[in-house]
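So the chains spell out like this:
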Amino acid sequence: MQSLSNRKRVIEQKPMNIWERIYLPAIVKGLSITIKHFFKKIPTIKYPEQIRPYSKNFRGQHSLKRDEMGRERCTACGLCALSCPAEAITMVAAERKKGEEHLYREEKYAAVYEINMLRCIFCGLCEEACPKEAIYLDGSHVTADYLRKDFIYGKDKLVEPKFDITQLKQENK
Amino acid sequence: MEVAFILEKLILVVIVFVITLVIAMYSTLAERKIAGFMQDRHGPDRAGIFGLLQPLCDGGKFFFKEEIIPAYAHKTLFVLGPVIAIITACITSAVIPWGQELTIGDRTVSLQVADVNIGVLYVFGVIALGVYGIMLGGWASNNKFALMGAIRAASQSISYEIGMGLSLIALLMVTGTLSVGEIVAQQSGFVNWNIWVQPLGFLIFITCAFAECNRVPFDLPECETELVGGYHTEYSSMKLGLYMFSEYINMFVSSALMASLYFGGYNFPFMYDLGLSSNWITIIGVIVFFLKIFGFIFFFMWIRWTLPRFRYDQLMNLGWKVLIPLAIANIVLTGVFSIIKDTYF
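Chains as they are written, first to last, in the working numbering: chain A, 1 to 173; chain E, 1001 to 1345.
Hints listed in this document are in silico derivations from the structure and should not be mistaken for laboratory results.
One or more of the hints may lead you astray.
Stated by the list, open to error - Derived CB-CB ranges, DEER-like:
#, chain 1, residue 1, chain 2, residue 2, range
1, E, Val1336, A, Ile22, 17 to 27 Å
2, A, Leu24, E, Phe1337, 15 to 25 Å
3, E, Lys1065, A, Leu147, 33 to 43 Å
4, E, Ala1004, A, Lys41, 21 to 31 Å
5, A, Ile22, E, Gly1176, 28 to 38 Å
6, A, Gly154, E, Val1022, 51 to 61 Å
7, A, Lys56, E, Cys1057, 52 to 62 Å
8, E, Gln1039, A, Lys149, 41 to 51 Å
9, E, Ile1158, A, Trp19, 30 to 40 Å
10, E, Val1022, A, Leu24, 27 to 37 Å
11, A, Val10, E, Gln1314, 39 to 49 Å
12, E, Glu1066, A, Leu103, 53 to 63 Å
13, A, Ala93, E, Gln1039, 54 to 64 Å
14, E, Arg1046, A, Asp156, 30 to 40 Å
As the list claims (entries may be wrong) - Short derived list, chain A residues pointing at chain E, Cβ under 8 Å:
#, residue
15, His37
16, Phe38
17, Lys40
Backbone N, C-alpha and C fix where the C-beta goes; we use that ideal spot for every residue, glycine too.
With these hints in hand, go ahead and build the complete structure from the sequences.
What follows is the structure, encoded as structure tokens:
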């Protein structure tokens, strides 16, 4: 039957000629290929000694930021949770009491702030949505764990440690 | 026989034994390294610089592994298998001349353990014994895969020994002696190497040597994809280690044999024109000999990471229908040429 697509090919299997049947030329060809690879540069990165640099816009684990006086910036507005396409973020808001001004920047703060790292897709929409510059995906990888419940990161893991702004190293000049 | 002579031979035997084992040990590392480089990766490089302690770690691991003798195995033969394999692998090196004579004080020390006048025959006898280790191990395991591997090893070894022997007959027609020491001594310089007069013979010999060592592309006895592990399926711990070791020793010894039979052994170009004392010539000769051996070992590994394994019928076809007729043709050609050479030149 005539082929309609015009792409039909009959593959011919010719019997090998004497040169091919000796096999030695083919073996020599193969050997030359492997010896070329022998001297090639090896692309392996030896991980613990050599660490591959992250891209500048790498998005890793979230951190909840503090301001220059060490107060939490988050005001629990919920925009991050709203913007999150994976619905990974939940929070419980609370009102700042008197005498807590050194802890929280705004009058409302997040008493509970949880991100489910199994749901998170690291798209970075939360940091774009945040009006208070309180959340950034500037950490490293989220590490493996044994239980699902351990992947729900609370404030203990997310809020960045306190630092003294005067002691901060001026690196990126 | 004086005491000094026995002592001298004993020292030489120990040195040769130690060198053989060390080279076999580091062949395992070299194999993995070469495999790595040919596949664009580093081989093992965690244990020591460049992975140099890897063989020691592997050896230690083998000793500490649990040793299992299957319940239905024939215990004596099961233990005897690897023992025979390693002993036969080790004793082949006795007739190989590692170098010329070394003069220490007023004694001349020959760097060959035993210059028997039937050296080549001895090597053949021992190699033929070598297959018993594999056969006993495979049969005693009482396992169908092991038995298949052993059967394959036996028939492969028989088929390729014929080709090997016939290719050597042509060499013996040229050299006129069976003593390996004399064969090497005849090839002084560079132009006298036997490879120039016996290129076809060498090709047959090296192919058969691959088959005798059970190396890829002739590693059907242990063919992982079909036979799990072949003859050593049931082996564990250092018994498996001994099998592996004997394979690498075999490779070393057959490299040494090829280097001495066809590539001039310890002879190197211009060895008498440099004006060196005979001791220095001997020492350089030993180094050159080992370089040649390492070259062959590298070639063994190079082939292993290039060629795929044969199918069993292809293996038999190659052995019986190609190599043996070629070897016979080689004998005839050698005879014709030597007659022409004798009558006209």
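Evaluated hints:
1. Val1336(E) - Ile22(A): 17 to 27 Å: holds (22 Å)
2. Leu24(A) - Phe1337(E): 15 to 25 Å: holds (22 Å)
3. Lys1065(E) - Leu147(A): 33 to 43 Å: holds (34 Å)
4. Ala1004(E) - Lys41(A): 21 to 31 Å: violated (55 Å)
5. Ile22(A) - Gly1176(E): 28 to 38 Å: For Gly1176(E) against Ile22(A), whose Cβ atoms are near 31 Å apart, the range 28 to 38 Å holds.
6. Gly154(A) - Val1022(E): 51 to 61 Å: Between Gly154(A) and Val1022(E), where Cβ atoms are some 59 Å apart, the hint holds.
7. Lys56(A) - Cys1057(E): 52 to 62 Å: violated (41 Å)
8. Gln1039(E) - Lys149(A): 41 to 51 Å: At 42 Å between Cβs, range holds.
9. Ile1158(E) - Trp19(A): 30 to 40 Å: Given range 30 to 40 Å: holds, Cβ gap about 31 Å.
10. Val1022(E) - Leu24(A): 27 to 37 Å: Hint holds: Cβ distance 34 Å, inside 27 to 37 Å.
11. Val10(A) - Gln1314(E): 39 to 49 Å: Hint violated: Cβ distance 28 Å, outside 39 to 49 Å.
12. Glu1066(E) - Leu103(A): 53 to 63 Å: holds (60 Å)
13. Ala93(A) - Gln1039(E): 54 to 64 Å: holds (57 Å)
14. Arg1046(E) - Asp156(A): 30 to 40 Å: Holds, at about 36 Å.
15. His37: Result: holds, 5 Å to nearest chain E Cβ.
16. Phe38: With a closest approach of 5 Å, the Phe38(A) hint holds.
17. Lys40: holds (6 Å)
Hint compliance for this structure: hints 4, 7, 11 are not met, and every other hint is.
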